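**Q** Listed in order, the protein sequences are those of chains A and B.
Counted from 1, the first sequence has number 209 at position 209 by our numbering; the numbering is strictly sequential.
Counted from 1, the second sequence has number 20 at position 20 by our numbering; the numbering is strictly sequential.
Just so you know, these hints were derived from the structure itself, not from any lab.
All figures in this text were calculated on a predicted structure; none of them were measured in a lab.
There are no misleading hints in this set.
Same chains, same names: a pair is fine if it fits in one copy or spans any two.
Here are the simulated lysine to aspartate or glutamate pairs, DMTMM-like style, with alpha carbons at most 25 Å apart:
#1 K247 / D19
#2 K223 / E18
#3 K180 / D138
#4 K63 / E73
#5 K223 / E142
#6 K180 / E132
#7 K223 / D19
#8 K247 / D11
#9 K247 / E132
#10 K247 / D185
#11 K44 / E64
#12 K154 / E125
#13 K141 / E16
#14 K223 / D138
#15 K44 / D33
#16 K141 / D19
Protein chains: 2
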Amino acid sequence: MHKVSIIRITDQGASEIEDRVVEEFSLAIIFNDHELVRLLCSPKNLNFLAVGFLFSEGLIKNKEDIKEISLQERTGAIRVRSHRFDKDISSKRFIGSSGARGFPSDNNLQSDAMVGSLIRISPNEVFALMDEFIKCSDIFKETGGVHSAALCNKEGILIFHEDIGRHNAIDKVFGECIMKDMPTDDLIIITSGRVSSEIVLKVANKNIPLLISKSAPTNKGIKLAEDFRITLLGFVRGRRMNIYTHKGRIAHNESR
Amino acid sequence: MHKVSIIRITDQGASEIEDRVVEEFSLAIIFNDHELVRLLCSPKNLNFLAVGFLFSEGLIKNKEDIKEISLQERTGAIRVRSHRFDKDISSKRFIGSSGARGFPSDNNLQSDAMVGSLIRISPNEVFALMDEFIKCSDIFKETGGVHSAALCNKEGILIFHEDIGRHNAIDKVFGECIMKDMPTDDLIIITSGRVSSEIVLKVANKNIPLLISKSAPTNKGIKLAEDFRITLLGFVRGRRMNIYTHKGRIAHNESR
Chain A
1 MHKVSIIRIT
11 DQGASEIEDR
21 VVEEFSLAII
31 FNDHELVRLL
41 CSPKNLNFLA
51 VGFLFSEGLI
61 KNKEDIKEIS
71 LQERTGAIRV
81 RSHRFDKDIS
91 SKRFIGSSGA
101 RGFPSDNNLQ
111 SDAMVGSLIR
121 ISPNEVFALM
131 DEFIKCSDIF
141 KETGGVHSAA
151 LCNKEGILIF
161 HEDIGRHNAI
171 DKVFGECIMK
181 DMPTDDLIII
191 TSGRVSSEIV
201 LKVANKNIPL
211 LISKSAPTNK
221 GIKLAEDFRI
231 TLLGFVRGRR
241 MNIYTHKGRI
251 AHNESR
Chain B
1 MHKVSIIRIT
11 DQGASEIEDR
21 VVEEFSLAII
31 FNDHELVRLL
41 CSPKNLNFLA
51 VGFLFSEGLI
61 KNKEDIKEIS
71 LQERTGAIRV
81 RSHRFDKDIS
91 SKRFIGSSGA
101 RGFPSDNNLQ
111 SDAMVGSLIR
121 ISPNEVFALM
131 DEFIKCSDIF
141 KETGGVHSAA
151 LCNKEGILIF
161 HEDIGRHNAI
171 DKVFGECIMK
181 DMPTDDLIII
191 TSGRVSSEIV
201 LKVANKNIPL
211 LISKSAPTNK
221 GIKLAEDFRI
231 TLLGFVRGRR
241 MNIYTHKGRI
251 AHNESR
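Could you put together the complete structure from these sequences and hints?
**A** Here you go:
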C-alpha cells in the first residue's frame with residue numbers, strides 16, 4: 001500500500017490528510033522466452049498470477065507443465081519455462097477488452113466439458129461465505145481500489161486474493177491451486193467483480209460448479225454458465241441474491 | 001438490454017422474476033485489413049468505440065485520418081481504413097491487463113505535453129456535475145453492470161457513454177469528440193471507474209486538465225496525473241471528494 005498526501009473535502013471543509021492508495025504494478029509475463037503480455041496488477045503473489053494467467057490462456061495445464069519460474073523484481077518480468085510449447089504462440093494476439101483480456105475469439109472457448117458436480121448449498125451458507133469474503137478484503141477496505149476472489153467450500157474460504165484487476169484476482173486463486181496441486185472440483189468461486197463470459201470460462205476451465213458474485217453478470221456470462229452447467233449467483237449482498245442459472249444446486253426452500 | 005428469468009431470494013423468500021441484464025458484445029476492430037483486437041463491449045455506438053480505441057492506441061490522430069469506417073453487425077467486425085499506417089502494427093502486441101488494455105510498456109507513454117489549462121472549479125460545481133452524471137446512468141440503474149464516462153464543461157455534461165468496460169466508455173466519449181471535430185481543451189472527464197495509469201494517459205492524450213472519478217485511483221494513476229499536470233479528484237460521492245493532484249484548479253476555499 002502506498003501513502004499519498006491529499007486534500008479531502010467534506011461538509012466540514014477542506015483538510016490535508018495522508019491517505020492510502022492501491023499500488024499498480026506492470027508485470028511482463030515471459031513464457032519460453034516469448035513476452036506474452038504485460039499486465040497491470042497488484043504487486044503481490046506474482047508467481048500465482050503468472051501461473052493462473054498461463055492456465056487461463058490454455059498454455060499450461062498443471063504444475064508439471066512448469067519447469068522453472070523466476071521473478072525479476074527490477075525489470076518487472078516473470079519468466080516461466082515449460083516443456084509445453086504452443087507453436088502458435090508468436091502469432092497469438094493477446095486481446096485487451098474492457099476490463100478483460102486473453103480470449104482471442106468466440107471460437108476459442110477452451111472448456112469442453114460440462115461441470116457435473118452434485119454440490120448443494122443453501123442461501124444461508126452463501127450469505128455466510130459472502131460475509132467472510134467481505135471481511136477478508138483488507139486492501140479494499142483501506143483503498144477502495146481492488147477486486148477480490150476466493151476459492152471456498154461450503155464451510156469457508158480456502159484461498160483468497162486481491163488485485164486491481166478482477167481477472168487477475170481469479171488468476172491468482174487458480175495459480176495458487178495449480179502450484180499446490182489442489183483439486184477444485186465441487187468447490188466454489190466468489191468474486192467481487194462483474195461476471196462476463198471470460199470470467200465464466202475461467203471458472204469452467206477449473207471445473208467449478210458454483211460462481212458467486214457481489215456484482216452483475218452480463219447476458220453472455222449467463223449464457224455460458226447455463227451451457228457449462230455452472231450455478232451463477234449475482235448481486236449477493238446482505239440477505240439478498242439472484243440465481244441466474246442451474247438453480248437446482250441452491251436449496252432455497254430450506255432457507256425460509 | 002436483455003431480459004432473463006431469474007430467482008430472487010430475499011428475506012421474504014424466493015420468487016421467480018424477470019430481470020434485465022447488461023448485454024455483452026464481442027467487437028473485432030480491423031484497421032487497414034489488420035485485425036487489431038477483439039473487445040468485449042456494450043453493443044452501442046461501436047463507431048465511436050472503434051475511433052476512440054484507435055486514438056488511444058496512437059493509430060489515428062483526428063477525423064481526417066479516417067478514410068472509411070464500416071460496421072458489419074453480422075460478424076461483429078468494424079473496419080477502419082486510414083492513410084496512416086503504423087508499420088509496426090503487425091508486430092504490435094495488444095496487451096490485456098486487468099481491466100485494462102493496450103499500453104505495451106511503460107516506455108510507450110504517448111502523451112508528451114503537459115496539460116496547461118487555467119480552468120478553475122469549485123467543489124459545489126464538481127458535486128453538481130457528479131449528480132448529473134449519476135442521473136444519466138440509465139443502464140447502470142437497471143442492470144448494475146456498466147461503467148460510464150462523460151465529457152463536461154463547468155455548466156454540465158456534453159457527451160455521455162456507458163459500456164461494460166471503463167476503458168470503452170472513455171474511448172466512446174473520445175471517439176465521438178473526434179468524429180465531431182470537437183476540441184477537448186479546458187474540458188472535464190468524469191468516470192465511474194478506477195483511475196489507473198492507462199486511464200490518466202488517455203485523458204492526457206486529449207489535453208484534458210480535470211479528471212473526476214467516483215472510485216479510487218492507483219498510485220501510478222496519481223503519479224501520471226501529477227506529471228501531466230492533470231487535476232485528479234477521486235471518491236467524489238455525496239458532498240465529499242479527495243483531491244489527489246494539482247489542487248490549484250479547485251477553488252475549495254470558496255465552498256465553505
